Amino acid sequence: MNILFWTIQILFVPAVSPLMIGIIRKFKAMFQKRIGASIFQPYKDIIKLLNKDEVISKDASWIFRFAPYIIFCISILIGASIPIFTTSFSGLPTSEIIVVVYTLAIGTFFLALAGMDVGGAFGGFGSSREMTISAFAEGGLIFSLLTIALISGSTNLFNISNNILLIQGKSIISLILAMGGFILILLAETKRFPFDNPSTHLELTMIHEAMTIEHSGKKLALLEWAAANKLAIFSILLINMFFPWGIATNFDILSIMVGFVSLIVKILIVLFGIAFLESTIAKFRFFRLPDLLLDAYIINILAICLIPVL
Amino acid sequence: MISNNIDFILLLSIFLLGALLSLIFRRNDRLANYCANGLAIIGSIWGIVLALRHITNGYYTNLSLEIPALRVLSFSIRIDNLSAFFIFIISLITLFASIYAIGYVQHYYKKYCIGTLGFFYNIFILGMLLVVSSSNAVLFLVAWEVMSVASYFLVIYDNNNPKNVKAGLVYLVMTHVATAFIIILFLILFKFTGSFDFEIIKLTQATIPAYIKDIVFVLALIGFGTKAGIIPVHIWLPSAHPAAPSHVSALMSGVMIKTGIFMMIRMFLDILQPVPVWWGYTVLIIGVISSLLGVILALTEHDIKRLLAYHSIENIGIIMLGIGSSLIFSSMNLNSFALVGLIAALFHTLNHAVFKSLLFLCAGSVINKTNTSNMAEYGGIIKYMPLTALFFLVGSMAISALPPFNGFYSEWITFQSLFQGIAVTDITTKILFSLSAGGLAFTGGFALMCFVKVFGITFLARPRSIKINKVKESSFSMLIGMGGFAIISLIFGVYSSFIVKTIKQIVVDMTVFRENVDTNAINLTNSININNNFADVSGIWVFLALSIALVSTVFVFKFIINRKQKIVTGETWDCGTDLTPRMEITSTAFASSMIRILRRVVGPIVTKEVKFDKDNLKYFPKSIQFDFKINDIYGKYIYKPITDSVSWISLLVKRIQGGNTNIYIMYILLVLLIALILLL
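The listed protein sequences derive, respectively, from chains R and W. Counting in the working numbering, the first sequence runs from 3 upward without gaps. Counting in the working numbering, the second sequence runs from 4 upward without gaps.
Hint data in this document are derived by calculation from the structure and do not stem from the laboratory. Hints are supplied without guarantee of correctness; some may be wrong.
[Claimed, not checked] For lysine to aspartate or glutamate, the following DMTMM-like pairs were computed, each having C-alpha atoms within a straight-line distance of at most 20 Å:
1. W:Lys-569 x R:Asp-297
2. W:Lys-470 x W:Glu-380
3. W:Lys-205 x W:Asp-161
4. W:Lys-114 x W:Asp-32
5. W:Lys-475 x R:Asp-47
6. W:Lys-113 x W:Asp-161
7. R:Lys-54 x W:Asp-273
8. W:Lys-561 x R:Glu-56
9. R:Lys-172 x W:Asp-429
10. W:Lys-569 x R:Asp-254
11. W:Lys-561 x R:Asp-55
12. R:Lys-60 x W:Asp-630
13. W:Lys-433 x R:Asp-297
14. W:Lys-614 x W:Asp-630
15. W:Lys-567 x R:Asp-297
16. R:Lys-60 x W:Glu-574
17. R:Lys-60 x W:Asp-161
[Stated by the list, open to error] Here are some, though not all, of the chain R residues that point toward chain W, as calculated from beta-carbon distances under 8 Å:
18. Leu-52
19. Ser-59
20. Phe-74
21. Phe-91
22. Gly-93
23. Ile-100
24. Asp-119
Since the model is a prediction, treat every value here as computed from it, not as a measurement. For each residue, glycine too, the CB sits at the ideal point set by N, CA and C.
Using the sequences and the hints, build the whole thing.
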């Protein structure tokens, strides 16, 4: 049972994340009155890229070659460290909020370095923009997780998820505010609207795509997959930290089944929300983004002040 | 009379011998180099042994030299666990910095006198050792001056560059103004307690009136804060640290500024306890401002050593956050959390010493090979200096608080101690701690951005100037110096719970933490566990998790999936034009959007001058000159008014100081008369 649990815990995020990208694209196509590609198209893309040969610039150093592995392994590790459909484990050593935030930062660090490595005209600017946004996002991210950590009295993600189930009364207000802040951070960290346009290759606007522009073949597959994993991680965090109702708290088949079904329903809602946002609002100007990210931080300070004293 | 323990005297004599021998052999560059750094290495190893023996056996060194006729001038040295901890830091950094120096100093051969460098280097270390171990204000001030003056001579060592001499002057003035504050501080304490001895001051300070204590606090904050480099008294730091030879920069940034921190801990958390809560608030606010502004100013820099110097200000800010939270908790009688705050501060002090020295040594090797510290001329150095680049990467990750390196764990504890403050019920404290923790979070984000910039611009991409093509890897001893720090950085991260356990042992020894301390506030059996399982992190397990994830990812994707993949080497996409270094991003461009967002804080001054071939046909510019400067806010609004008023007063004084001896004699006569009349 334990082995089965850990297999699912480790493989769930990478297995499902391309599907999530596919579903968002399908939803967006629906909004645009298109049929759109199959929701399994991202899997086909990744498999195709994995089997391709590569072209690497002669200016590239080992950072460029090695970074995709680091970025992908970070996304797998964090994917395994978050509560997915049950909270009845204490998680990995990396299931602590600050550890999660800074381990994710390792991925950002190497992604930005890889973007700068070949000395092209795009990569450096992509890195600069990415780092600017992630620098401002860090405060909001730590504080929305901190708010729920203070509500639940632990910084371990599994404990948080478990204890949030029990909250009542005034803490709900703080929880909702923190969730609002976290949604802003989710959009920034996963490079969705209004922060970045995931489907553009226009040099004036792109952030994530600019950094990966020189990668090809297997390395590009890993980077794309890692980006999808990050979307999955943040969506599941949103669901299981701020709205965990339905998640299994003990380890019997029935509650795990319930946990699984409720997770999938909630993921679909989150994906629909993202697709809805991307179809209805425009991308913001780059220099307006920090305001949005600082809002996420300030909302959370408010949320912390509103936590009732025990 | 000198009583017991000869060990510490031996430690001091090794450095003194190093200083004298290098002066004696100053005619022979090579011999002077080996004497100075060799003895510094021996001395620092002895220092590490001595410090560890103190910490593990928990014993004190007490040395005193009393002159019965002049009780005021009696010298005394007292090494408790806190001093031993700082002796450990000084010795550890000195050890690898000196190993590095053996290779590094060689490029000064025939240009400068190696003997004087070795002399001041050893005297400088000697001064620092005395500063952290003296237990008497008079000896302390002597040691403080020895340290300051020796470091001044090291700053101006490379005196062919007029910029260095100017930086040295700013440093000398600032450090002496600070010393003046410290002298006043000890005189006030002497007036109220009747002693210069720290122990006696500590025992009798309860009788000092509260407002005098507040004055002492402000004086200490300015005096010791200047040495530590807190904003706004930091201005000497970004000019002095880059001017010194790199192994000295490592010591100045890694260790010397920490003596300011040491004295603040000594004064506020040891000697003057209990303290009012506003002291803690002030220290916390200064911590936030220093850390945020330090990192933002670092982002705007393009000189690699100045940039690192600004990061020292940032990290001093983070240490101040720990000290500030500790002070607040101790005045609220939450001693167990005060313990967490102080442990965070001390652990970060140790960690910052390690990774900042590492970064300075790496920067020194790069500057040594390229003969420039301007990052705009770097690029692609990772191919020419692969090991230096690797060590710099380790340092960058450690300073950006990325696991599994040491910087992460001390920031983690700092975060936790601030979180405990947010959980406090008092609303002012809660908001202040929320803002501080936010400041720390944003500082982390900015630091990460800054080190992507430094590493990316310096080591990655293509060279931006021709001189890079001739660059070669540094010599063996320099690599050992850097590599040693890089490995320590990893070890202190992986075994963080063990290190923190030792630091806890050091801290609980202090009088403040003798009572009301719940040992579960920070429990260190297998991991770092804060406040009864509120938060828990284990360096070893995080390291293992990361390594297993990385190894299995590489294994699966490199050696199993599509193993026969062909890799073709091509050109970087050039957009259809020639690929020139000008297409690469520069350090100014990298930070430009951030500076634009923060323009209210940094006040950038951008001037753009475009020249055209024909004035009436403004389509084809002949040349564009782009000038980017950061507004020197502190110089303009704080230091300029001060220097202006000083020169105004000097002009007034000039009127009565005409240079005529007869008039001076008349002045003396007049003063004598007035004094006599007053006595009557």
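- Decide if the proposed pair is consistent with the structure: Lys-569 (chain W) and Asp-297 (chain R), CA atoms, cutoff 20 Å inclusive. 48 Å, violated
- Any CB of chain W closer than 8 Å to the CB of Ser-59 (chain R)? 4 Å, holds
- Classify the hint on Ile-100 (chain R) as holds or violated, based on whether any CB of chain W lies nearer than 8 Å to its CB. Status holds, d = 5 Å.
- Message: Check whether the Cα positions of Lys-569 (chain W) and Asp-254 (chain R) lie no farther apart than 20 Å.
- Response: 48 Å, violated
- Take a quick look at whether Lys-475 (chain W) and Asp-47 (chain R) sit within 20 Å of each other, Cα to Cα. 43 Å, violated
- Task: Please work out if Lys-60 (chain R) and Asp-630 (chain W) have their alpha carbons no farther apart than 20 Å.
- Result: 33 Å, violated
- Does the structure keep Lys-54 (chain R) and Asp-273 (chain W) at a Cα separation of 20 Å or less? 65 Å, violated
- Message: Would the hint linking Lys-205 (chain W) and Asp-161 (chain W) be met if the CA-CA limit is 20 Å?
- Response: Distance ~43 Å between Lys-205 (chain W) and Asp-161 (chain W) Cα, so the pair is violated.
- Item | Given hint Asp-630 (chain W) paired with Lys-614 (chain W) - CA-CA distance at most 20 Å | 14 Å, holds
- Query: CA of Lys-113 (chain W) to CA of Asp-161 (chain W), is that 20 Å or under?
  - Reply: Between Lys-113 (chain W) and Asp-161 (chain W) the Cα gap is close to 13 Å, so the pair holds against 20 Å.
- Lys-60 (chain R) paired with Glu-574 (chain W) [C-alpha distance capped at 20 Å]: Judged against 20 Å, a Cα distance of about 6 Å means the pair holds.
- Message: Quick check on the hint: Gly-93 (chain R) CB to chain W CB, less than 8 Å?
- Response: Hint violated; Gly-93 (chain R) Cβ to chain W Cβ min 10 Å, cut 8 Å.
In summary, the numbered hints that this structure violates are 1, 3, 5, 7, 10, 12, 15, 17, 21 and 22.
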